[in-house]
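Engineer: Note that the protein sequences, when read in sequence, are chains A and B. Heads up: the first sequence begins at 189 in this note's numbering, then just goes up one per residue. Heads up: the second sequence begins at 189 in this note's numbering, then just goes up one per residue.
Just so you know, these hints were derived from the structure itself, not from any lab. Here a beta-carbon is modelled for each residue, glycine too, at the ideal position from N, C-alpha and C. Among these hints, one or two may not hold up.
A partial selection of chain A residues facing chain B, derived with a Cβ cut-off under 10 Å [stated by the list, open to error]:
id : residue
1  : Q199
2  : A311
3  : D312
4  : V314
5  : K353
6  : G355
7  : E358
8  : H359
9  : D365
10 : K373
11 : L381
The list that follows gives simulated cross-link-like pairs (lysine-lysine, DSS-like), each with its CA atoms no further than 30 Å apart [unchecked claim]:
id : chain 1 : residue 1 : chain 2 : residue 2
12 : A       : K353      : B       : K347
13 : A       : K270      : A       : K240
14 : A       : K353      : B       : K373
15 : A       : K209      : A       : K322
16 : B       : K338      : B       : K270
17 : B       : K353      : A       : K338
18 : A       : K347      : B       : K209
19 : B       : K353      : A       : K353
20 : B       : K347      : B       : K209
21 : A       : K373      : A       : K240
22 : A       : K347      : B       : K347
23 : A       : K347      : B       : K333
Distance ranges between label pairs, derived from CB positions [said to hold, decoys possible]:
id : chain 1 : residue 1 : chain 2 : residue 2 : range
24 : A       : L265      : B       : Y238      : 56 to 64 Å
25 : B       : K209      : A       : K270      : 51 to 59 Å
26 : B       : R214      : A       : D264      : 30 to 38 Å
27 : B       : V314      : A       : R276      : 20 to 28 Å
The lines below spell out each chain.
Protein chains: 2
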Amino acid sequence: MGYNVITVSRQFGSGGRTIGKEVAARLGIACYDSEIIDRVAEESGYAKSYIKEQGEYSEHRSWIGRALASSARGGDLSNQDKLWIVQRRIILDIAKEPCVIVGRCADSILSGREDVLNVFIHADKVFRAERIVKVYGETDVAPAKRISDKDRRRAQYYKYYTDTKWGVAEHYHICLDSGRVGLEKCVDIIEELYRS
Amino acid sequence: MGYNVITVSRQFGSGGRTIGKEVAARLGIACYDSEIIDRVAEESGYAKSYIKEQGEYSEHRSWIGRALASSARGGDLSNQDKLWIVQRRIILDIAKEPCVIVGRCADSILSGREDVLNVFIHADKVFRAERIVKVYGETDVAPAKRISDKDRRRAQYYKYYTDTKWGVAEHYHICLDSGRVGLEKCVDIIEELYRS
Chain A
189 MGYNVITVSR QFGSGGRTIG KEVAARLGIA CYDSEIIDRV AEESGYAKSY IKEQGEYSEH
249 RSWIGRALAS SARGGDLSNQ DKLWIVQRRI ILDIAKEPCV IVGRCADSIL SGREDVLNVF
309 IHADKVFRAE RIVKVYGETD VAPAKRISDK DRRRAQYYKY YTDTKWGVAE HYHICLDSGR
369 VGLEKCVDII EELYRS
Chain B
189 MGYNVITVSR QFGSGGRTIG KEVAARLGIA CYDSEIIDRV AEESGYAKSY IKEQGEYSEH
249 RSWIGRALAS SARGGDLSNQ DKLWIVQRRI ILDIAKEPCV IVGRCADSIL SGREDVLNVF
309 IHADKVFRAE RIVKVYGETD VAPAKRISDK DRRRAQYYKY YTDTKWGVAE HYHICLDSGR
369 VGLEKCVDII EELYRS
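Start from the sequences, fold in the hints, and give me the full structure.
Structural biologist: Given below as structure tokens:
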């Protein structure tokens, strides 16, 4: 059977977003990345910058700490939990049409669907450090630290909401080292797999 | 730069060995799987059946238990350690020529070499259970248990000798779900990547 949706999970700086956008462009289908943030903002009323952080990155404490905090609220939902619910519904909605979805646990949210191709993009830290400076510019924080912080918080967020481990090969249909394989070649492989 | 060597790590029953052999045949290069066992047998004098078990699967106890046992031997090498050393030397030797090497931590042994393409093949348990019965026949042990035992022991062996985690995407250049992608298509992708 054919594929309709591609989810792209990615290490920070690996070029996964760029790959997702290019695959979508070649296939002539939509790519959702910041567009999801726009829709969550519309539906929730929260600011986009807040959603960007809370919709993919765990708060700084560990998921156990957050579970305890949630129980301390007497089981009330945190803002992050509320955003998760809105974001999840939006992802289920946009995945009714062929598209590429970058990040936001879409692979897990759409699990069980045979027409979804789950991709994970990673690269070594040297490649990613150089790339984030080129793409996002320098900041006060060293590139290596920006990478490890973002990855850790994405992994924590993923673990908390999906109860599975981010970056373990068996959760994805294809994982690619974009630093070694090259972004262009990653796009070729994913495009070809989707069409096959 | 081009590739010379492909290492194929694989979950039990995923067809990784079959994929490796087919890739090698198409590329006209050697494929080493049981051939490594033959060479280790020649050099070490151990029986092939013993090497097959000890050269890729950890003993039943955990790696901590094995480390303690080693220290109880007063630091003497276990048979498994001796086989590791022989096997490692043989892998370094055969990797001087273009080839495919299946399993046996070859990815880690050859790490740092830019001309080595590291592949990991996995598939869901239903696919693998059906496949091992078809390929290896039935045994007294249920297929699901055969799969989880072999995977666990491969992971333990890998952890013990390489100090890295088996099956984590970032240790490989490409990971493929053979059940979803199909064995033939996996071969196409790897062949094409090697030639690129």
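Engineer: Now tell me if each hint is right for this structure.
Structural biologist: Hints, one by one, checked against the model:
1. Of the supplied interface hints, the one on A/Q199 holds, with its beta-carbon coming within about 7 Å of a beta-carbon of chain B, less than 10 Å.
2. Given hint, A/A311 at the interface with chain B, holds; its Cβ is 8 Å from that chain's nearest Cβ, closer than 10 Å.
3. Annotation: A/D312 was flagged as interfacial toward chain B, and the flag holds, the nearest CB pair being 8 Å apart, inside 10 Å.
4. A distance limit of 10 Å between C-beta atoms decides the matter here; for A/V314 the minimum to chain B is near 13 Å, and the interface restraint is violated.
5. With a least beta-carbon distance of about 9 Å to chain B, the hint placing A/K353 at the interface is held under the 10 Å criterion.
6. Against a cut-off of 10 Å between C-beta atoms, the interface hint on A/G355 holds, since the closest Cβ of chain B lies about 5 Å away.
7. Given hint, A/E358 at the interface with chain B, holds; its Cβ is 5 Å from that chain's nearest Cβ, closer than 10 Å.
8. Because the beta carbon of A/H359 sits about 9 Å from the nearest beta carbon in chain B, less than 10 Å, this interface hint is met.
9. For A/D365, the interface hint holds, the least distance from its beta-carbon to any beta-carbon of chain B being 4 Å, beneath 10 Å.
10. For A/K373, the interface hint holds, since its Cβ comes within 10 Å of a Cβ in chain B; the closest pair sits about 6 Å apart.
11. For A/L381, the interface hint holds, since its Cβ comes within 10 Å of a Cβ in chain B; the closest pair sits about 7 Å apart.
12. As the CA atoms of A/K353 and B/K347 are separated by approximately 18 Å, the hinted pair is consistent with the 30 Å bound.
13. With a CA separation close to 14 Å, the supplied pair A/K270 and A/K240 stays within the 30 Å bound.
14. The straight-line distance between the Cα atoms of A/K353 and B/K373 is roughly 27 Å, inside the 30 Å bound, and the hint therefore holds.
15. Distance hint between A/K209 and A/K322 is fulfilled; the C-alpha atoms sit about 18 Å from each other, no more than 30 Å.
16. Between the alpha carbons of B/K338 and B/K270 the distance comes to roughly 21 Å, so the proposed pair stays at or under 30 Å and holds.
17. Only pairs whose Cα atoms come within 30 Å are accepted, and B/K353 paired with A/K338 is accepted, the gap being roughly 21 Å.
18. A C-alpha spacing of about 36 Å is found between A/K347 and B/K209, which places the hinted pair above 30 Å, so the restraint is violated.
19. Annotation: proposed proximity of B/K353 to A/K353 holds, straight-line Cα distance about 13 Å (limit 30 Å).
20. A hinted pair counts as satisfied when its Cα atoms are at most 30 Å apart, and B/K347 with B/K209 qualifies at roughly 26 Å.
21. Simply put, A/K373 and A/K240 have alpha-carbon atoms about 29 Å apart, close enough for the 30 Å limit, and the pair holds.
22. A hinted pair counts as satisfied when its Cα atoms are at most 30 Å apart, and A/K347 with B/K347 qualifies at roughly 22 Å.
23. Distance check on the hinted pair: A/K347 and B/K333 sit about 26 Å apart at the alpha-carbon level, within 30 Å; holds.
24. Look at A/L265 against B/Y238: about 58 Å separates their beta carbons, and that is inside 56 to 64 Å.
25. Checked against the hint of 51 to 59 Å, the pair B/K209 and A/K270 passes, with Cβ atoms roughly 52 Å apart.
26. In this structure the hint that B/R214 and A/D264 lie 30 to 38 Å apart at CB is violated, the actual value being about 59 Å.
27. The hinted range of 20 to 28 Å is satisfied by B/V314 and A/R276, whose Cβ atoms lie roughly 26 Å apart.
In terms of the numbered hints stated before, the structure departs from hints 4, 18 and 26, listed from lowest to highest.
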